[in-house]
Structures are given as structure tokens and as C-alpha cells.
Amino acid sequence: MRVEPKTISESRILHFVTIAMVLTGALALSISDADGRYTRTWIAVNFLIEATVAFLGTLYFASLKKRNGTETFVNLILLAVMLASLVWEPIQRIFFGNGRPFELILMFAVKNTFLVMAAAGCWKKYQQFAAWGSIFLIISAATTYSGPDMIVLAGLELMLGFFWLFYSYWNTLRIALLPADKKQNLGKSLLLSSLALVLFLIISFSSGNPVVHALKGIMPSSGGDSRGDLYARDGLGDGELLVAGKFDIRSFAPIENAPFMSSDDPSLYDIMSDTYEDEGEISKNIDRAIGLRMQDQKFEEKELPDAENINRHFSTARQQKTAEEKSAEGISSDALLHVSGRTPLHLRLETYDIFDGVNWFSEPLKEDYKKSFSLKERFEKPYIVVNNKAHTLSQECRNELHVITNNHLKSNQLPAPLHLREIHIDLVDRIDLFDWHQESIVKLDRKELPRLVPMHLISHFPDRKMIQYRDARFATLSPQQKHYVALPELPLIPKIRKLANELVTDLENDWDRIKRIEQYHRQHFQHDRSIVFGGKQQLPLERFLFERKAGPDYLIASSAALMLRSLGYSTRLVSGFYASPDHYDIKSDHTPVLADDVHFWVEVKVGPSASDWCTIEPTVGYAVLGPPLSLYEKTIEAFLAVTNWLGKHLTLSLLTLGSIISLFIFRYQIIDFLVTGWLMLYRPRDTRRLIFRTLWLLELRARRQGQKRPVTMSLSQWLKLQADNLAINTACLSELAQYVNWAAFAPCSADKTHTPHTEQISDCCNRIINDARWIKRSP
Amino acid sequence: MSTLIENDTKMDLQQEYSRIEQLSDCLNQVLKGKSEVIDNVIICLLSRGHLLLEDHPGLGKTMLAKTLAALIGGRFARVQCTPDLLPSDITGFNIFNQKTHEFEFREGPVFSDIMLADEINRATPRTQSAMLEAMAERQVTVDAVRYQLSQDYFVIATQNPIDQHGTYPLPEAQLDRFAMKLTIGYPEEIDEIRMLAAAIDQDSDAVTEREPVFNEKELLETQQKIAAIPVAESVQRYLVQIGNATRKHPHLALGLSPRGLLTWQRVAQAHAFLNQRNYVIPDDLLETALAVLSVRLGIDQSENRVLIDEILQSVKLPDYALPSSN
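In order, the protein sequence lines correspond to chains Z and V.
Using my numbering, the letters of the first sequence map in sequence onto residues 1 to 779.
Using my numbering, the letters of the second sequence map in sequence onto residues 1001 to 1326.
Be careful, since some hints might not be right.
Label pairs and their computed distance ranges (CB to CB) [unchecked claim]:
hint: 1; chain 1: V; residue 1: Gln1241; chain 2: Z; residue 2: Tyr668; range: 28 to 34 angstroms
hint: 2; chain 1: Z; residue 1: Arg685; chain 2: V; residue 2: Gln1139; range: 40 to 46 angstroms
hint: 3; chain 1: V; residue 1: Gln1151; chain 2: Z; residue 2: Gly706; range: 50 to 56 angstroms
hint: 4; chain 1: V; residue 1: Gln1241; chain 2: Z; residue 2: Leu663; range: 37 to 43 angstroms
hint: 5; chain 1: Z; residue 1: Gly706; chain 2: V; residue 2: Thr1082; range: 42 to 48 angstroms
hint: 6; chain 1: V; residue 1: Gln1241; chain 2: Z; residue 2: Ala51; range: 26 to 32 angstroms
If you're looking for bench data, these hints aren't it; they were derived computationally from the structure.
Glycine residues also receive a C-beta, built at the ideal position from the N, C-alpha and C atoms.
Taking the hints into account, I'd like the entire structure generated from these sequences.
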């Protein structure tokens, strides 16, 4: 027998170094691919999976080599891995909605192949391929990403690469078995590797924007132009379209130009008109008035809207547009805003405080309202602190970041959550640029918000379950501002008050009453924007509340606001946008806010501080953002979701579970049955194959009985041991052992003189298939 | 070599099997109840190896050797090894003939077909070494002249495990020349009764004076046929793996040498032939492992079986699967 000389591939150290090299390359590629899309935890988990696969693969290939496995089989595995990497992409795109550009698909297929090659490094050629491939991986990764972690990985790869080269050379010298031509190849390899490393160093560290130099013109699908490739990544050709980017302002547009661009973009008023139809007329016969006490009336009349504040009132009476008007080219269907961060999110733009029965009016900002902004630095970036008095709703409230990007909303009001704390726009460190639009709404001292500029908003989202004043009487907590509880003097109001009182009659607690009103609206009123109350006979709110029980969100919110005011709680109507989690785009990690997302809701004051307002969402289908869930809460939520799903599909779940358990318990019987049937129906023509399939069936039955043949015991020895346990005579077993030995070890040349008779073999196999079953012994 | 098997007729092989069966029967009559030992002796003979018998006196070692010599129709020689035995007493020497005034070579006991070296460990290492060339190459060199020995030259050496005073343990180089080390052991009670019964009114020389089963040519042909039995690569790989396991074993100073592997392969071929198979299977290696490994692992006899079992348990058997060449 030819015993192979010890070669470099057999050196375990070299094998492990090769695996380490490929894992380093794979990690670099993962980091380059993640580029802010995925968290460090995701990268770490990914790396651990790859390391585990490499480790298990190494064990498998080592045992395969020991078992005299062929390289053809390894090649098949490599081919399968590469194809699987390619096949995975369409699955990912169809079922998960995300994907990678063409060059990354190829790179990941190559990476997976190199990973398997590294695992199969007990064969010399795979080890060498994998070692060189790892350098290719790291070069590719370094050309698309140049963070500090990449430099560390490149350094590590460099060290490992040199070690691999020198060690393999040293080993070659030590064993002194390689022929002269291989030594020449080694010299070439050293030269080529040095060139590759120098090239890598030049590309990785000499250029400020390596991707442009390295890939421009080479990778056609690279770049942010999604029109060319839906899954293209940012890099080349950016500028026209919005791309994902939360922190680097330069990835969007130059700030100098952005705030001053004039356009025909819609204002909030346009969007409301478009979404809720145009304002309608109300019969003059219908009474409508603002229910204020006499001493307050003078002030309110003075503050009623004038021409300058045209968009600061909202009418609940609307009229249907004609079909032509609806289909006219108007506002672009593109998103008005892009929101990055947790959703659902209520972005406030306008609050309405006074209601006359038909119209809601905003309370103008008092002239003496203090402009309270200050500047502070966080991570060397300027942050504008919004110094309106902090809420006292819950004890602990974490800061949470949302990034809003104005795509084409024409407004200078900053769409922001209720408890806004800080604002950061890169390079903007002037507090005089900010002002109050209303008491709790910030505006920019410009005509409109800058376009395509990420605006970082840090806010609080108090947990409604943890509100600390839940047992207090809100009315007594602070001096009430009259207009927040004012009701119009209409015949409708007593009806509303009566209904509200009936709803909360059994409740003592203010917070519970508020929730009851909110819940009542969510349960009893259907949200339907297509219903428009433009009639001249009745107030829209009355028709909505007591007749249709369905309507647009502004009527639902108005109804809730009036009910809450009738119970004595300070309430205001709020309009703005609702960033719906249903619109979340997994690819860009943004939630687009469309014109249709304009929304009305209610805020109620539930604490003593001026900022203790709480969002109440009376419209069904909309949700209020709570604090982020902890890992425990997420686990519980996931568990409940699974339990709920299983509960809904109980029969199916039980059937599936039962089937799985049965399949597991009776797995050997099922396989035995199938194999026996298969052997009875399809008898291999090749005698040797018949013998091996019979042996396989016998060993399968043995495994079922826990009598698996030890790998160091010969078949004859094992069958002698098992003879007493089997319901078949010993002679037949000896015969089978003889045939198996012949089939496995007799060369073809020996067949001519010593081939057992095919009939005998067939007969013996038949007896084994039918009768060779283990006798169960009593314990 | 495989053509030898292919061209052979089944009838020819039947003749071979029949002769081996006769040989086995005759030896079983001499050494009752020791069929396993006899099988190993025959395997050793057929594989052209040499045999080391380690056992107490009076267990039938000499009788076995003499009977075997008679059955293969060869010359038998016996050397009683003592510390004063000289190499020339074994190989032969040149003596000056006064009449012809020339040196004449007088052949030693190595010029026989079966040589029994009794109590070989009593001879000095110098004398023991004199047998190295004869055992390995079937030739001796005396005074720079090379003499060819019989092609059937077969050494059966014995050594006594109890009486270790005044003995010289065999060096590893010499041990490696033996194919097997066997112990005969005391017979069972029933076998001893049979032996006693058979000895009544029987000449002690009668058992050793039997008609030969083989002639010189036939034995050589059989040995050549055995050497041509093919061994699958998976079995050879298994053999090498066992060899590696002996070399790496912490309790063994010396593992199996490549010559040891070659010898074991030949022994396995002979074992296969004895079982009327013309291919080698892993069981051939397993069943001859104790006899083959005992002689060359340099360990105490009492530890042999445990240690060899441990080594065999550490190596996975070849898969029972279609040969890759198919």
C-alpha cells in the first residue's frame, strides 16, 4: 500500500491557521456588508455561526478523510454550498423582503465556499485555496469599508497570512520531501502573496474614499441608484435619491442648499385638504358657539384666527370632491417624511384648543411666552435642548432617538413627538434658528424645514401603565387653563355630557375614566375617511356621534375631546402625522410618512406640570408608542404571540405536534417499513448493492434496539454476538457476513473463481429482510 | 499476480485445501486439543514466516516441529541452544582437509527445511545474530562465501518463560524476523486422557515418521499462490492505521515496523487461504493480531492481550461498502 508522505496539509497548525484566516475574512466581509444596517450583536452571532460551521465541518472532513472519503465528494459539497448561497437570495427577497446586490451575493457565495474549503483543509489543495481566498475576501471587504475594525482585521489577516506562508515553507524544508518543482512554486507563491499584500495595503489605507476608486466602473450594480438595481447599496452615484443614513449628513445633501430650496411641495394645510376633502358649508341656522363664560369671552374673541393664521383652524365640515379633482395630478405619491426609529409614532404639527361646534382653532402663542432653548454638546455634536418644562408623568423615562428627514413637506414646524427633549441637526449650533410655533411645537426660523437633512429628535415616551398620578384627581392638580375645558354652547353638548357620564359612572379614578372614553371610541366608532358630513341640516359631529357611528379620525378625536372636556379634563385636539409600523421599509430601515398618514388625535393633561400631557388615541387601528420593551418583555410577548397563534390553530397545532412525536417515536419502524417495502418492490440488479442494502436494513433494526455495531468490531464478530437476539438462524447470519465481506473486500478480479451464486445471495437477503428481527427480551 | 488466481482452476485450489486439511488433521493427532495453535502454525508455514513458541517444557514443541518437518517432506534439524554455542555451530564452518589440502565447507543445521532452535534465549546474542541472515534472506555467508538455504527454510524457536537465569532475551531485530509468537498451553483434561490412550503400544517415533503431505515444489507453489491473494486498499489502510496506533501508544517503546506490516499482511493472506477465501477481510487481521503483535511489541506476555485489544479498539474498521475501485 502506498503511504502518503507527511505534507503541509496534514499539519494541524496550518489547518487551524487557514480556518482562522478565512474566518477573519468572513468577519471583515460581514462588517463591510452590515455598514450600519445590522447591529454588532448580529455580526457577532453571524461570526459564531460561521465559526461553529467551520469547526463542525473540520471534524466531519477529518472523519471523511479517515474513512477514505474521496475529493469528488468534497467537490460536490463545495458546489452545493455555492449554489445554496445563490439560491438563498431569491428566497430572502421573496419571503423576507430584503436582499443584497449582485456583487455581494457573489462575494457571500465565494465566502461560504472558502469556509467549507478551510474546513476541508485536511486535503492540501483545499487548504491552499482557502488561504488565498481569505486574502481575496479581506481585500474585497476593505475596499468597501474602511473603519478602524477593518484595519485591525486586516492586520490580523496579514499576520496570519505571513505565518501561514512561512510555516508552510518551514514545514516543507523540515520534511524535505517536496520535489524541486514544488519548491519553485513556493517561491512564486511568496512573490505573488507579497504583491497581493502590498496592493491590499495601498488600496485599503491610502485612499479617503476607497469605494469610489476601487469599484467605480467595475461593479455596475454598486451605488445608491435603486432604479438600476432594487437591492443596490449606497456608495456610487448618490445624491438624487434618499438613501439610508442616520448620522452622516453628507449622505443626503449639502445643508447650505437644502433649507432654501423653493418648490411646490405641499403644506400641512394642502395635505389636510387633500386627505379630508375641502371644507364644506354649514347652514347658518345651526347654532354654533364657543361655550365660554362671559369673563373669558373678550379674550377669546381677541384671539380668534385672522388671515395670518389661515392654516391654524380646522373645520370638521367637509364636502366631497368630484372624481376629476381626485384623479388630478397633484401631490407626489413619494413620502413626505422619512422616520428612522421605533414606530408607531405620533408626529405633532398643530394643536387645537378651541371648538365652536364645527371648527377647531389654535390658541395663538402668548407674546410673553419665553423662548427657552439652550445648546449643549453630546459626542462633540451640537444639541438644542428644548427647555419646556419636563413632564412628571413617570419616574424613570429614557431618552429615545428618532431621525426625521423631510422629503417634501412645505412647513417650518418640526414634526416631533409629544415630549420632545432635544434636537440635533448636524452643523446647526444656533439656537436663534429655533422658535416656538405653539406652546409645545417647535418651528425653524425659516420658510420651511430643510429637505433631505436628518433631524435627530430625542424624546420621552412615558409608559401609560406607569403613570404616577393614576390615582389622583387631575382637575385639582393644577390651575386649569380655561380654553382646554371650554365647550361650545350647543344642544349637542348636554347629550355628549350625558353619554360621557353614563360611560364613566362606575369609575372613581380619573385615569380609568379617560381610558374608558378612549376605549369606548375605539370600540364603537368605525374609522372611515370616505364618509364626509357636509350636510347643511345638522352639525357633522352630531350626525357622526349619534347616527353614523363611523367617520374620519378628526370626528372621532373631536368626539373624544368633547367627552373628556365635558368630564372636566383639560383636553386638546392634535393634528400631525402618524408614522405607521405597517409602512416600515426593512431595506432602508426607514418608515416613510405619506400624505395619507395625516392624522388627528387627542391629548389630555394628567399631571400637575404644564408638560404633563398624555396622548390618547381614540381611533381604532392606531396605537400609541410606549417605552422600549426589555428583553424579558419581548420574550414574554413572543411567547404570548406563539401561544395565541397555537390557541387559534389548536387542532392543527395538536395534529402537527402529535405527528412529529409519533414520527420521532416510531422513526425506526417507519424507516424499516419503508426500506423493507422498497427492497421488496425494487430489488437492485447489482448483487453487491443488494447485500449492502440488506446490511443497512439489519443495522437500522439494530439501532432501534440499541444494539448498534461498534465501529471497531467486525461484522462477523457482531453477528456472532447478536445471534441469540435475532429471530433467524445463525447459519444465515454467517452467510450474510460472508457475502458482505465478499462484496466489500473481494476485488472484481476474484469474482471469476469465487463469486457466490446470485440465487444464494438473493435467498439469504430475502430471509434477512423478512425474518431478521430482534427478539424483545423481558427486563 | 492476480492472473495466477484467475488462471487457477477450482480443482487445483481444492487440492491445496485438501492438503492443508490433511496437514491440520495429522498435527491435531500429535497435539490434541490445540487446533487454534495448529492453525497458526500452518498459517506461519504458509506465509513463509518463522515461529517462536514460548512455553514450558514438555508441552510438545519439539514433537510439533518434527511432525511438521515429516509432513512437508523436508529435512529436520534441531539445535539445542546453550551459552557456549558458537555461530559456526549453526551456520556451518570451513574445515581443512588434510588429504586434499583444501578447505571444505561443513553445513550447519540451518541447511535444513525445518530447524528447531530449542531454548533460543540461552544462546549468546552473537550466536542468535548468526541466524538473522538465514531467517530474513534464506542464505548464510561464511568466510565471504554465500550459501543459499532451502526455499522452505522454516525456523521454529522455543523459549522457556520460567527459567530466566542465564538467558539472553532476543533482540528486537531478531524478534522482528519471527512472524508469530505462540503459546501452546496445557491441554484440557479430556485431551490429556486421549493423549495417554493413544500412547499405549505406540512407538514414539511413529508419529513423526509420516508420509509427507506436501513435496517441496507443492509447498512452494502454495506459498506463492497465497502471496498473490489480493488485499483491498481499505484493508491495507486499516492495517497501516493499526501500525500507527502501535507507534503512538504511550505504553509501547517500539511500534510495528514496515516489515512487521508486510509480515502481518502475508499472515492475513494465509489466514484467508486457510478459510478458503481468495481475498483478505478485516477479520483475517483481527484473528491473527495477537500472534503477530505479541512477538514484536516488546511487552510482557501477560499484558499482551489487554494491550492488543486496546489498540484494536482504538482503530475503526473499514466501512462495509462498495469498494471505490468498483
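How the hints compare with the structure:
no., hint, in the structure
1, V/Gln1241 - Z/Tyr668: 28 to 34 angstroms, "31 angstroms, holds"
2, Z/Arg685 - V/Gln1139: 40 to 46 angstroms, "54 angstroms, violated"
3, V/Gln1151 - Z/Gly706: 50 to 56 angstroms, "54 angstroms, holds"
4, V/Gln1241 - Z/Leu663: 37 to 43 angstroms, "38 angstroms, holds"
5, Z/Gly706 - V/Thr1082: 42 to 48 angstroms, "60 angstroms, violated"
6, V/Gln1241 - Z/Ala51: 26 to 32 angstroms, "30 angstroms, holds"
Taken one by one, the earlier hints fail for this structure at numbers 2, 5, listed in ascending order.
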